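Colleague: One letter stands for each residue in the lines below.
There are 2 protein chains.
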Amino acid sequence: MKKFENFSEWFDEILFNADILDNRYPVKGFAVYKAWGFKIIKNIVEILERKLDETGHVPMLFPVVIPEDAFAKESEHIKGFSSEVFWITHAGDRELDKRLLLRPTSETAMYPMFALWIRSHADLPLKVYQSVAVYRYETKATRPLLRMREFLWNEAHTAHRSWEEAEKQVMEAIEIYNYVFKRLGLSYLVLRRPDFDKFAGAVYSIAFDAWNPDGRVNQIGTVHNLGENFAKAFEITYEDVNGVHRNVFQTCYGFGLSRVIAAIIAQHSDDHGLILPPDIAPIQVVIVPILYKETAGEVNAYAKEVYEVIKSSGIRVHLDETEDKTPGEKFYYWEMFGVPVRVEVGPRDQRERKVTLVRRVDLKRTVVSLEEAVTAIKSLFTEIMRILEERSNSTLKEFIVDACDQSALGEIVKLNRKIARVCWCESVECAEKIREVSGGEIRGYRVDVEEKPEKPCVICGREAKRVVYVARAY
Amino acid sequence: MKKFENFSEWFDEILFNADILDNRYPVKGFAVYKAWGFKIIKNIVEILERKLDETGHVPMLFPVVIPEDAFAKESEHIKGFSSEVFWITHAGDRELDKRLLLRPTSETAMYPMFALWIRSHADLPLKVYQSVAVYRYETKATRPLLRMREFLWNEAHTAHRSWEEAEKQVMEAIEIYNYVFKRLGLSYLVLRRPDFDKFAGAVYSIAFDAWNPDGRVNQIGTVHNLGENFAKAFEITYEDVNGVHRNVFQTCYGFGLSRVIAAIIAQHSDDHGLILPPDIAPIQVVIVPILYKETAGEVNAYAKEVYEVIKSSGIRVHLDETEDKTPGEKFYYWEMFGVPVRVEVGPRDQRERKVTLVRRVDLKRTVVSLEEAVTAIKSLFTEIMRILEERSNSTLKEFIVDACDQSALGEIVKLNRKIARVCWCESVECAEKIREVSGGEIRGYRVDVEEKPEKPCVICGREAKRVVYVARAY
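Quick mapping for you: the protein sequence lines, in order, are chains A and B.
One rule links them: number in the working numbering = place in the first sequence (from 1) + 61.
One rule links them: number in the working numbering = place in the second sequence (from 1) + 61.
It is possible that some hints are incorrect.
If several chains are the same, the list does not tell them apart, and a pair holds so long as it fits within one copy or across any two.
[Claimed, not checked] Straight-line Cα separation of at most 30 Å, DSS-like style, residue types lysine-lysine; simulated pairs: (1) K112 to K365; (2) K439 to K112; (3) K386 to K63; (4) K103 to K243; (5) K188 to K391; (6) K89 to K475; (7) K391 to K112; (8) K372 to K425; (9) K188 to K372; (10) K89 to K188; (11) K293 to K89; (12) K188 to K386; (13) K140 to K159; (14) K386 to K112; (15) K243 to K513.
Quick caveat, the hints were computed from the structure, so don't treat them as lab data.
Values in this document were obtained by computation on a predicted structure and should not be read as measured data.
Using the sequences plus the hints, can you model the full thing?
Modeller: Below is the structure:
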């Protein structure tokens, strides 16, 4: 299967053929989101933003430019990002008095405003989000969707009265992302990153690493507890119920839209093209009439009737009436675009007032009466999601292999392109050695499941503190 | 009335108090869209994009950066924009090989891709849109929403087989914008700009100028016929049915989201705060329970029942259960935010199973039974829109004054801050003189109504070719 043998070529072909992204834009690392791809992204954003709204977040929009002095306020943060920001130095033919940078992430755009808005405990918690593009000058090779210099994400930023409340917010953020990822049928590990790999300025970072056919994990989301670090740098304080001024405690989390659509494609699709979860498919059902000269009139009329029935139920349905294509060509075309359910309407279906349903996920066919069609399609959607989830989950399980010694570790990650599960003593030296031996990195330990190390550190043989996952990453 | 006497102060207060925009961001011309404002914008975008989808446009997303060489391809275009673009010259500590600019508009980002996508007549028409921020280094004083260096818009770009098809597209674009503006209750003039004021690179430009309380018109949308100008520069050709290669004909149009929300505020709101058209109000109905000690329990329970009834109808409703505010404070608060309908629920309403409806537009009250509430609210919405439209329309009419000579022209525009209607010979010299005398500019002639000049040119006295509108502008 090309997907697992030559992921990169397979992936690029799908992006191009299914109208997801055109990578020929004349600036490296920047690409055009085409209609089908961008509609999918809009549907994902809608699911995510609704959930954020329901949990008390509010949408805002902050400028794309950040002044240099605000960017420099939190010392760890600037250390982490300064090598990869784009600088605006001129406007027209004038040099700017103060340089501006394109947001690589929005802490330093938002927090000077938080300092103005937050006065008292009554202003807390503050929970803000925006869905925007961010800019990072990646020096590694860029890859469409997976590693871009401009990529799309949703970022949320919150401020709280105490460390405990911030901790609760971290849990809520994880739940929100789990909820959305589940609706997309994605499989991934929720890992607490080792300290040397946390977000620049955070107390700790938790990340969602999705499996990818080539064995490199794809970080689709992150959640950070920022503690008081940014509050101190930006002087974000509030007056508590006793009139005492205190720093706020902050969290932030990012949902990588470009990387999430990459994960959806990478995990679910096959060598025929895209396979889309029904919730985000721009077209959920396509109707293809099978026409023969003698019965074309009746079948066409019946296809329109079927279309109206399905449409009135709220399902996103399209009737393919193109005249210069055979039904076979139409099947092929819509399979490429990953439409979850195809409805074939032929002379026999018409005579018996039935429809033939074919699900994209495994091309299994069912014939049902027109009266049952909507119910049958809706239960197909559920069934499709179950299959996508199970498939993806079992692939993730296959990808994870225990490494009991260094040579196994090297073999698993470097040769077999899998994710190694190893015991680690938590020393930076052993982490460095793990990187050397495996060609990958320690991605962290699971936070959703407690895993106790039952063996010594895979490198030094001393007592292990954590069971960690090692993989190459995008 | 402050709105008409001191527009600028009144406007800034509303932006701040109604949580629309915070202008204290530390970069001039860049501001933060706050929750209430950004929700309104999202609702406007939804109405507009649905209409664009229905008329065969597809959403895409192009990069924010444009390489210098693409930007320079169409000579008129670069002449028009080069003095006001932001330049990215560095990334990290490296100087870029080729400078990038932030899109001031997206012709030069999109059309190199159009040249790759368009091959044959079957690829036409191509109708693409995106809702994004654009960047223009305004050297005039910046104003929140009205003149920003970063502003939000929706831009559509189309390619066609012929001049005639492009002309039809211009008409469709005008209809689409008229449709959306009507749903927002806005009043404006649809004007063909004089040649010296057309979009840089266009054959001609049509613009929507909304009235503003201070007499300066606010351009909320533009539609351009680009002819073959960009097709020639970017080599966008197609093979026609006879195998002949031809240039495409293009149009583009922009819907100024930042300026549209400015127009909504400026035209509809009053000295109590915002007044929102129901279609775009984040909360359409707010319920305020009027509580007295003895009956608080029953009234609260009844208010919840009212809430459920209204909510189940799909209306965006909020029950204000805040405990530390009096009903009067709640009225005042929601009036500031422009919520179209307030539902007061007091002991008597509860006893009689009625509700008191108060519409924001004129604070008129009606009492209806709970059973009739949803129907009554929906017809209030219609009535509110009729009132907003009529009010705004009659203000526009009052703003337009005929100027029969130069001194009248000066008086109308400069002194009285109105829009002057004058006859003009179409010479550039007289246009220059009109600018001098009036302190405003020729905004163009109406395209929705044919107006024949019945007098000579207001400046030179020779035969007039057009009836044009003269005003100061944002």
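Colleague: If a hint holds in the structure, say so; if it does not, say that too.
Modeller: Right, here's what the structure says about each hint:
In this assembly of identical chains, the alpha carbons of K112 and K365 lie at most 30 Å apart only when taken from different copies (23 Å versus 36 Å within one copy). In this homomeric assembly, K439 and K112 come within 30 Å of each other (Cα to Cα) both inside a single copy, at 22 Å, and across copies, at 28 Å. Taking CA atoms no more than 30 Å apart as the test, K386 paired with K63 passes inside one copy only; the shortest distance there is 27 Å, against 65 Å between copies. In this homomeric assembly, K103 and K243 come within 30 Å of each other (Cα to Cα) both inside a single copy, at 17 Å, and across copies, at 26 Å.
For a Cα distance limit of 30 Å, the shortest separation of K188 from K391 across copies, 23 Å, qualifies, whereas the shortest one inside one copy, 46 Å, does not. Taking CA atoms no more than 30 Å apart as the test, K89 paired with K475 passes inside one copy only; the shortest distance there is 28 Å, against 51 Å between copies. Proximity of K391 and K112 under a CA criterion of 30 Å is satisfied inter-copy only: 27 Å between copies versus 36 Å inside one chain copy. Taking the closest pair of Cα atoms, K372 and K425 come within 30 Å of each other only inside a single copy of the chain (23 Å); across copies the shortest separation is 41 Å, beyond that limit.
Proximity of K188 and K372 under a CA criterion of 30 Å is satisfied inter-copy only: 25 Å between copies versus 37 Å inside one chain copy. When the C-alpha separation of K89 and K188 is checked against a cutoff of 30 Å, the pair qualifies only between copies, where the shortest distance is 26 Å, while the shortest distance within a copy is 35 Å. Only between protomers do K293 and K89 lie at most 30 Å apart by alpha-carbon distance; the minimum there is 25 Å, versus 37 Å within a single protomer. When the C-alpha separation of K188 and K386 is checked against a cutoff of 30 Å, the pair qualifies only between copies, where the shortest distance is 23 Å, while the shortest distance within a copy is 51 Å.
In the homo-oligomer, the alpha carbons of K140 and K159 lie at most 30 Å apart both inside one protomer (20 Å) and across protomers (26 Å), since each shortest distance falls under that limit. Taking CA atoms no more than 30 Å apart as the test, K386 paired with K112 passes between copies only; the shortest distance there is 29 Å, against 41 Å inside one copy. In the homo-oligomer, the alpha carbons of K243 and K513 lie at most 30 Å apart inside one protomer (26 Å), although the nearest pairing across protomers, at 64 Å, exceeds that limit.
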